[in-house]
Amino acid sequence: MEAASVAQTDHHHGPPEANRSSRVEPQLLGMLLFIISEIMVFGAFFTAYFFIRVVQQNDWPAAGTELPVAIAGVNTAILLSSSVTLHWAETALKRDNRFAFKAGMLTTFLLGATFLFIQINEYVHIGFAPQDTAQGSIFYGLTGLHGAHVFIGLLLLGMVTTRAFRGHFSAESHRGVEVPGIYWHFVDAMWVVVYTAVYVL
Amino acid sequence: MTVARRLQAPGLPRAGLGLLMGVALAYAIVLPVRSLYGFDPVLDGEAVTIVSLLAAPFGFLFGLGAFDYWFYWASGRPTRAEDHSGHGAKSWRDYFRVNTDHKVIGIQYTVTSFFFLLVGGALAMLIRAELAQPGMQFVSTDGYNGLFSVHASILIFLFIIPVFAGLANFVLPLMIGAPDMAFPRLNALSYWLLPIAGTMMLLSFLAPGGSFATGWTAYAPLSTDVPVGQLFFTVGVQFAGASSVATALNFLVTIITMRAPGMSFWRMPLLVWANFSTSLLVVIATPFVAASQFFVLLDRALGFNFFVPDRGGDVLMYQHVFWFYSHPAVYIMMLPGFGIISEILSVKARKPIFGYRMMAFSLLAIVVLGFTVWAHHMFVSGMQEWIRVPMMITTAIIAVPTGIKIFSWLATLWRGVLHLDTPMLFALGFLTMFVLGGISGVMLAMIPVVIHVSDTYFIVAHIHYVLFGGSLFTIFAGVYYWFPKMTGRMYDERLGKLHFWMTFIGFNATFGPMHLIGLKGMPRRVADYADQFAGWNLFISLASFVVGLSTLVFVYNMVASWRGGPRAEANPWRALTLEWQVSSPPPTFNFDEVPTVVGGPYEYGVPGAVHGVFKKPAEVTATAGGQE
Amino acid sequence: MRRHQLAQMLILGLIASAGGIALALAIDWFPKVGSHQADRIDTLFDVLLVASVPIFVLVQSIVLFSVWKFRMRPGEELKDGPPIHGSTRLEVVWTAFPALLLVGLCAYAYSVLGDIEKAKPNSMVVNVTAEQFAWHFAYPAAGGGKPVSSDQLYLPANRQIEFKIRSKDVIHDFFVPEFRMKIDAVPGITTKIRVDTRNQRRDYPVVCAELCGLGHATMRQTAHVIPQAEFDSWMQRKEKEAQST
Ligand code: HEA
Ligand code: HEA
Ligand code: CUA
Ligand SMILES: [Cu+2]
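Chains as they are written, first to last, in the numbering used here: chain Z, 1 to 201; chain S, 202 to 829; chain D, 830 to 1074.
Chain Z extracted, bound-state conformation (with noise of 0.2 Å):
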């Protein structure tokens, strides 16, 4: 696994590049670090789930409560469909198609901002309040811990956005696309695990 180094002569005017040990992108590499992370917050959360609706054998929903299955699954697919824009964006990049990749980094934007819009247009109409039981405490807890998620991931997309229309970016250069990128996927991916446990199962 040892790539051979290119130790560089003149040390006077910085350190040593440093000997690559590893295949790997340092950059991926700590991303998906970071996910690993993410993932055990959103397993706590999951545990806490389990606890009120298993161990503690709440019915769920609470009684009286009802979840707009329908509407989240069109939400789903609407989230969901933003991962393919955004590979599609990355394939358009990397094939220095700077329009559709700037298409694609919007398309993406929106398609998420959307995702968040009907979320929280959800939480407006549901009928029921994180106070009055448990079950709605852990509902608005897991999803609203993956909205959190969703708003950060709009937030490196929308960094990215500007810059790709400030004409950053390029076939060679792409590593600010993509590692924002895997954390989107990772949102996306993620909220397919909420969804069946809330909403499905």
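Do not rely on the hints blindly, as some may be mistaken.
[Unchecked claim] Where chain D lies over chain S, by a calculated footprint (3+ residues, C-beta under 8 Å):
id: 1; region: 595-603
id: 2; region: 617-629
id: 3; region: 650-660
id: 4; region: 801-807
Bear in mind the hints are in silico, worked out from the structure with no lab data behind them.
Positions of the beta carbon are idealized from the N, C-alpha and C atoms, including for glycine.
Could you slot chains S and D with the ligands onto chain Z? The hints should help.
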């Protein structure tokens, strides 16, 4: 510099401004929202406190300049290419800036956390003063609860965990032949999160109703209905946790992607292995403590029902989530120490580490097993009974990989040439004391015994034999061992030995008797106790003051030697690992050129053995002898 | 020379362990024995002592012996030890031995656990309710009448008591050191422990062992174990009071 320009340039003045703006923001958010929802009173102290606790730190970090670069990058403005002005520390002032040099950060980390050792220790002195006699002397009952809660939280989250990260920050990149950590700016950020968390926890003493007083475990529902001081723990832990996750991530990436040519995994010093394992634990486990405190925060601030039984909440859920982090956390507080001991013992016994590979494997075994034992803290919590026996077995089995390490260290000593200077004394002190703490741990794993001793001073004894006799002894050993490398000066050997013997004797006199009074039935976390325990407690308190004094000897030695100690040569211990092959203190950029590793790190006694050479790989590969 | 050093060390170690075990067993670790559970738990603890003292002493004597025999003598500043990298045989031994020992101890602990939690016929139920910062006790009345409630804990001697424990506010912990038994009082659930009282009249402290707020330290009461006959008359008196009120 004019005041205005001071406030614009990144640095402490701007940070102070940011802090104030954070608090202002808190008011700006809370007041409108509350009036919007027609809450009453519109100005609610607790609400403002919560938002300020979250907002002010970010204001501080912005002001300090921790995020500047990323803003430039994100907004697509031209980022100043790293001109390395952030490297090295020319004057003491540079330690109060955002600095990206892992050596500077390492020292920032270490010094900061030792300050918190003094504070946390000082609180322990107050604890012992109160407990010297039965009845109440100095503090109120919940004042006392506050003392041990802050004592433990500070020492765990702001001393043991960060000080290990600090030592590794300085040493680890040098050891693997890397010019710096993989993400220097993230590294700086994770340091600056520490003072925030620590200040927050200490500020809680000023909160109305006193500091947080629910122990470092902050069990719900107690933590959801005590005064506002609790929030300073709930939020403070978030920052401490974020800091250690960021560092762990940094270590993992650095170790995986930046090892010098020839430094295969099986040629890494065991300190690197130890921090690798620890970082895995941190990245996987720490999110759980963050979540557990989120739940408390939500229940408190927004009236959620996670821990409200009448509304379907589950009280024991808190403990499961908390201990799923906090058991691994005890290994987060021990594994780096194991690494330090491996370095010191082989160097000071002039022998290779006995069973190097098993040493590495046992670390990984502990990481895996560490996730399967959390409920051993809940044997008397009333949880489902069937969980207990499986957890008893896994808990006991953890003694096996730990035993492998202990016995391998003993075998490393055997027939060596023992240099009995201060680092070695502390290393041997660790060997002898940690075994006692570990064995009492195995006793605690045996359910019938723990039913009796749980929540008694027997636990307090165990805690301190593993955390003080274990972790803290390794930290002292490590600090003496790398002091020459970090400061370029030698410490005073005589004071060092004095420090060791005072600590060793005082420590045993303090915490040994706790086993007995615990078994006799003295509960922990009590400000007042039955008269039958009066004699022992007085003895313990007196002994604990000796430990306190010994620490002052240490502080004096460090300060005096750093300022006026004799200059240290590059490699005073004749060690093989790479950090000793460069000058003391190391050059700003660690190496002129990345060294090449040609052998194992502990080949003492092997004629002409080298670990790393400072030639370009091309010229070396000829001489490089295959594997270790 | 090497072998005889090892032998020397082992002999010292054995002597020390023997001494250590003797000392450990001589010390009186526990409060008075107030229940059948206490007997079993004390024995288990003694067994654990006998198992762990030798391990502790072994480690200590190797360290001390090495310090004594292998410490650097003047003139050895540049000397190195023999380059011993390991020995698979030894590693197998010190992996397998502790593993076996621990499995054995776990098995024994398991049997003890089963015994101290075994239900006996004619065991008596006492309902314990904890609140900040006091204990309340309730006895199901003999005739299925109104339960007898009391702030004093009276227990019949030589009888199995099943404590059913609840909490009104936060987590507390019902602990009687002489019984060696404790369990948390958790809001929302009912926890239980069984205690077989000794056949002798005595008073024991009841302490709260889980941090529950400012009054935690002072949340203490007394358990009075009295002969069955005496207990019955106390119950009758209490029941009358219950009816009258
Ligand atoms: C550095 C920190 C650290 C470490 C390393 C350990 C290590 C261990 N701990 Fe400890 N523990 C704590 C810190 C630590 N602990 C703290 C802080 C608490 C209290 C939390 C609170 O409530 O506030 C606690 C509480 C605690 C409990 C809960 C008690 C209670 O509250 O009811 C238990 C129960 O099983 C336990 C067990 C163990 C075991 C089995 C080990 C094992 O890993 C030990 C293994 C090591 C050895 C055994 C010695 C070397 C081995 C050999 C020489 C081989 C041969 C030995 C045998 C065959 C016995 N610990
Ligand atoms: C790394 C961890 C660590 C360390 C080093 C210590 C160190 C000490 N601890 Fe601590 N302790 C814990 C971790 C630690 N403790 C934990 C986790 C708990 C459980 C808390 C809970 O129940 O939630 C605990 C609980 C605990 C208790 C039980 C409280 C209770 O349950 O009621 C006691 C009582 O004696 C105690 C005592 C001490 C003493 C005397 C020291 C001594 O070693 C300290 C020695 C003193 C110093 C090192 C400082 C010296 C400095 C000065 C004397 C003055 C200078 C000061 C300034 C300049 C500000 N500790
Ligand atoms: Cu009730 Cu402590
Ligand atoms: Cu544990």
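Tested hints:
| no. | hint | result |
| --- | --- | --- |
| 1 | 595-603 | holds (count 4) |
| 2 | 617-629 | holds (count 6) |
| 3 | 650-660 | holds (count 6) |
| 4 | 801-807 | holds (count 4) |
Hint violations for this structure: none, all hints satisfied.
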